[in-house]
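Since the structure of chain A is provided, determine the placement of chains B and C on it from the hints.
Here the protein sequences line up with chains A, B and C, keeping their order.
Positions 12 to 386 (our numbering) are the ones given, in order, by the first sequence.
Positions 14 to 541 (our numbering) are the ones given, in order, by the second sequence.
Positions 3 to 326 (our numbering) are the ones given, in order, by the third sequence.
Be a bit skeptical, because a hint or two may be false.
Covered by chain A, according to a simulated footprint, are these stretches of chain B (three or more residues, beta-carbon under 8 Å) [to be verified]:
#: 1; stretch: 334 to 344
#: 2; stretch: 372 to 380
#: 3; stretch: 392 to 400
With a Cα cut of at most 30 Å, we get these calculated DSSO-like pairs of lysine-lysine [said to hold, decoys possible]:
#: 4; chain 1: B; residue 1: K230; chain 2: B; residue 2: K218
#: 5; chain 1: B; residue 1: K166; chain 2: B; residue 2: K215
#: 6; chain 1: B; residue 1: K106; chain 2: B; residue 2: K218
#: 7; chain 1: B; residue 1: K153; chain 2: B; residue 2: K166
#: 8; chain 1: C; residue 1: K316; chain 2: C; residue 2: K254
#: 9; chain 1: B; residue 1: K218; chain 2: B; residue 2: K248
#: 10; chain 1: B; residue 1: K230; chain 2: C; residue 2: K324
#: 11; chain 1: C; residue 1: K254; chain 2: C; residue 2: K324
#: 12; chain 1: B; residue 1: K166; chain 2: C; residue 2: K316
#: 13; chain 1: B; residue 1: K166; chain 2: B; residue 2: K106
#: 14; chain 1: C; residue 1: K316; chain 2: B; residue 2: K106
#: 15; chain 1: B; residue 1: K106; chain 2: B; residue 2: K153
#: 16; chain 1: B; residue 1: K248; chain 2: B; residue 2: K215
#: 17; chain 1: B; residue 1: K215; chain 2: B; residue 2: K153
#: 18; chain 1: B; residue 1: K248; chain 2: C; residue 2: K324
#: 19; chain 1: C; residue 1: K324; chain 2: B; residue 2: K106
#: 20; chain 1: B; residue 1: K166; chain 2: B; residue 2: K218
#: 21; chain 1: C; residue 1: K254; chain 2: B; residue 2: K166
Bear in mind the hints are in silico, worked out from the structure with no lab data behind them.
For clarity, every value in this text was computed on a predicted model and none was experimentally measured.
The C-beta atom is built at its ideal place from N, Cα and C for all residues, glycine as well.
Listed here are the chains, written in short residue letters.
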Amino acid sequence: MNTDSRSLPRWIDIGLIPVINIALALIVSGLIITVIGEDPLVAVTVMVKGALGYQEGIGYTLYYATNFIFTGLAVAVAFHAGLFNIGGEGQAYMGGLGVGLVMLGFDAALPIALLLPLGLLASAIFGAAWAAVPAYLQAYRGSHIVITTIMFNFIAAALMVYLMVNVLIQPGQMSPQSREFSMSGHLPFMHEALAWIGIPFARSPLNVSIVWALLCCLGLGAYIWRTRWGYELRAVGHNERAAVYAGVNPRRVIVVTMCISGGLAGFVGLNEVMGVHHRLLLDFTAGYGFTGIAVSLMGRNHPIGVVLASLLFGVLYQGGAELAFEVPAITREMVVTIQGLVILFSGALAYMTAPWVERVYHAVKPRRAPAASEA
Amino acid sequence: MSTGDDRLTNDRAAVPSSPPPAIELHGISKSFGPVQANQNVSMTIAAGDIHGIVGENGAGKSTLMSILYGFYEADQGEIRVAGQSVNIASPDKAIAAGIGMVHQHFMLVDTFTVLENVMMGAESGVLLSGSITAARSELKRLEAEYDLYVDPKAVIEDLPVGELQRVEILKALYRGAKVLILDEPTGVLTPQETEQLFRILKALKAQGGTVILITHKLREIMAITDTVTVMRHGKVVASKTTAETSEAELAELMVGRKIRAELQRTEVAAGAVALRVGHLTVRDAYQVPRVDDVSFEIRAHEIVGVAGVSGNGQSELLEALSGILPVDDGLFEIGGRRITPNAPCDPAQLRALHLAHVPEDRQRLGMVGEFSARESAILGYHNDPLYQAGFMFNQVAIKAKCADLMTQFDVRPPLPEALSANLSGGNQQKLILARELNRAPDVLLVGQPTRGVDIGAIEFIHRQLIELRDRGCAILLVSVELEEIMALSDRILVMFEGRIVAELPAADADERSLGLLMANAAPVETAH
Amino acid sequence: MEDAFVFAVLTANATVRVATPLILCAMAGLFSERSGIIDIGLEGKMLGAAFIAASVAAVTGSVWLALAAGVALAVCLALLHGFACITHNGNHVVSGVAINILVSGLTVVLGIAWFQRGGQTPGVGPEARFMPLELPLASALADVPLLGTLYSGFLSGHNLLVYTAFFAVFATWWVIYRTRFGLRLRAVGENPHAVDTAGISVAWLRYRAVMICGLLTGIAGTYLAIAQNAGFVRDMSAGQGYIALAAMIFGKWRPVPALGACLMFGLLDAVAIRLQGVVVPGLGEVPVQLIQALPYILTVVLLAGFIGKAVAPKAIGVPYVKEA
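So here's chain A without its partners, still in its complex pose (with noise of 0.2 Å):
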């Protein structure tokens, strides 16, 4: 991430050499396949079809998708002002509890149509909520943000527990799981939304949320790169001194930042929670959270980035999903593998092969002018 390969061209710099680190934690991935003993060929095929093969298989591809999106643009926002935020999962959680709480509370009382925008601003409050106190903590006192979002995952679960077991739980049940919402607090699914215009779908986990999701990476786009509060935050990233000339106040950008990433992180609760179980329940961010730093990584925290990095990991998790059915030998937890590779190698070692890349690049290159950053 520090190292900087200015003296290659743009494509290779964002194009190429990303590219060659996903290859490489793919193929690590396939050794890992092979030394378990089974055909990493196989399995790819197995995945895609399974991903991608039918309508069922797409429609949880993209349901995958929706969440890996949310939390990958909370990831992405962050580090483009030089944060980390590692708390995406409790986030999630506590987003998922605004929508729950919500919906628990009003929706006997009020129709669809208020509740979606009152699930949608829950969801987003809770967690940016969740998200403001380490930012505060970071911008005001100094403490660092990747520790503070770490305990605050743990802080989440654990009252994510406590609150199920003890407040929440329906009565009479044995396991902690809310009553599950009236009709007027279910997100429409994909299919019913579908065959409303007349399109058959076949059945999936896959809710209105994904169009949410899109919208989310056009709106953060165009706040990174098209407005003010956006250009601040870009500053305060790269150089906080040059943003404090500018007149920046960075501890506000800190806070609001964070804000905007928690509430990215907190939307995947909407997608579980009101579009998919339809009931408040244990550990549903299922490591969503961290599977955001790996899409951010990977798409480059680049909202075009991020959704192919998040299709990406919805076919991995869903042919994953396909693959342990199908290949015993291989588990779901492949899918995990593969993820800490991406993030090893688009991230931790992102610039590895930079250096033989160069020289590559150089050695084939036609001898031309010295580029203009020179004059």
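What follows is chains B and C alone, placed relative to chain A:
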């Protein structure tokens, strides 16, 4: 080469038993990417000499010494220590060869004691207890030998700068250095501390040690060195015996034939007070005043230059007046607004009061390297309604503005989409100046406007500043280049240790008198 | 009175059992972070070591081979972290997160592939575990009131790795503060430039630090798998690596205070189970989850500067790049 070498050869001829030179460098070359930092550099430093290396910023002095100390490896060339060819691939090799270095930025561990710093890397065994005993007695010996005392139990972060430097020297001596390199050692020292340093260096010489002193201060060269090498643009331009040269000659060698057209200045009567500073005090994190009870005024149509050795509070003055640092005491007034500790004003609000600021450190303060030139061209003005279209930026307007600024100030390449960091230093500076001057500010703060800028651009920048003044702007100019201060200013303030120690009309100033004032060596004259 | 004493001894024993992996990981983190390398990956290294140790123990039946394998894997992971952070100037946090996620996936993948037990390893018998050691005369002294009970009931009867953990604290303290390596280690975390100009290799120093970190996390993982438990269960580290990180910060990057924090967090955990359902007068029932979350909450409060000030080594997380 020249005189220096000849003298040594003569010495050798006259006294056959004389030792070989302490250090010989032959044909050292080093480049960083496209930048050739050292080009075929050769020099000979006799044992027991204090040898000065002078040159402007960027002349390649520090790189050369870093090579000698094994911090960088030379691309080409040979190093001989006491007649033996050595390969110095890392600092431990340099230390083994008897070379010690005192870096410009001290290489000390703040949380450690003096003793721990001194012995680190030169411990006598695996356990510390033995090393501590050994280091303690060795420090006593060095203290006696060189009159060089620092409390071994003191913790580094509690010590003043002058003592830190002594710790660095002790570190080198503790490692048995016979050749001591000092990189710009006096930049941060008071005159008293400088004097003390020179006493130490003389003691070293008396004990048979060799000293290499890197500096750009000619007075120091004349005061203490035996021989001197002048570097320019990565090359050695001359080697002299100090006694046979003069400050004037060295200065000319240092800068080369830098002929500068006289600036056309029209005399304009100063106007109303645009910036008034009263008893301004700014403290650092340790509550040490960096700007200490400073008062002055600047009027419209006036350039006031602040002269001083860098690190005497000029940077803090600029940052306080531009709203980056808070005012701890006193006040300043601009555009009818009074800024005090209780009524602070941030940089954005000050810009709204028609203050513009060209910062000293353009890369770290004046622009964001990762931004496109278009984005850096609106830094600080990005909230201007001119650049907004609803919630979004008006990209067309921003791009047009950037293109306009680039044309006006001849920024090359004139591409608004170019990465700011990829512009050369001079073009970065022109872009920042264009941005800050564009608003026709009432007050302009400008620090080191031509640092690292090529000669053509320097003249251009100077003309722009004069023109702005002629149009009625009040300009506060901070520069370490006395020539620049004298060429541009109507009035000159001299800063020393955070205070303004003299104020004089530019017409009365010459380099010598300013130099004395900057070193606070002359009685403070108040000229008016 | 006697009952209270027995209760105290039982609680103390439980505390020590819970605290042992925390102590080992906290010391591990201390070596790494004192050298300037942030280590979020304690959790992953410990989990990986637990898996390998359990696997080797199950297959070979040898505790020592299991321990060696656990340590070897953790050291390899530590070297990977070093390769990313030291050699390639990668982001320390990203690298640590990558290792944690990689290990949490890989242990299950390999576990299922090797043992077909849903990610668990086969149970390990006593012969392939670190079993409680009886200190000399423990049973003879058991009946002596107080001191005897203390000796036989608390000091005696732990397994070797528990004693190792406490010894590790002393060893860490000694190495950090009393040896040449420790001096340089502390220096490189504060100002690597000073170390470099003193003629010491920054990279090699840091590599050694992360290797020691790997060694200690390897022991911790082995403890989890074949001392505290009798086999590997998926995600069995359950966040203890993060608690250890918190304890190390709580101890302000110093060995003895970090030990104190580990014991405190261990005590909270031991007490949490006993307090389940207990009604505290005036407060009502104390939620177990609150006690379980206390280590995290306390760490945040500490980091916020409300209890003293936790100052990290100055150069932590900053890649070392030579500058002119």
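Now for the hints, and whether the structure bears them out:
| no. | hint | verdict |
| --- | --- | --- |
| 1 | 334 to 344 | holds (count 3) |
| 2 | 372 to 380 | holds (count 5) |
| 3 | 392 to 400 | holds (count 5) |
| 4 | B:K230 with B:K218 | 20 Å, holds |
| 5 | B:K166 with B:K215 | 27 Å, holds |
| 6 | B:K106 with B:K218 | 23 Å, holds |
| 7 | B:K153 with B:K166 | 13 Å, holds |
| 8 | C:K316 with C:K254 | 13 Å, holds |
| 9 | B:K218 with B:K248 | 27 Å, holds |
| 10 | B:K230 with C:K324 | 26 Å, holds |
| 11 | C:K254 with C:K324 | 28 Å, holds |
| 12 | B:K166 with C:K316 | 21 Å, holds |
| 13 | B:K166 with B:K106 | 29 Å, holds |
| 14 | C:K316 with B:K106 | 28 Å, holds |
| 15 | B:K106 with B:K153 | 26 Å, holds |
| 16 | B:K248 with B:K215 | 28 Å, holds |
| 17 | B:K215 with B:K153 | 19 Å, holds |
| 18 | B:K248 with C:K324 | 23 Å, holds |
| 19 | C:K324 with B:K106 | 17 Å, holds |
| 20 | B:K166 with B:K218 | 28 Å, holds |
| 21 | C:K254 with B:K166 | 23 Å, holds |
No hint from the list above goes unmet by this structure.
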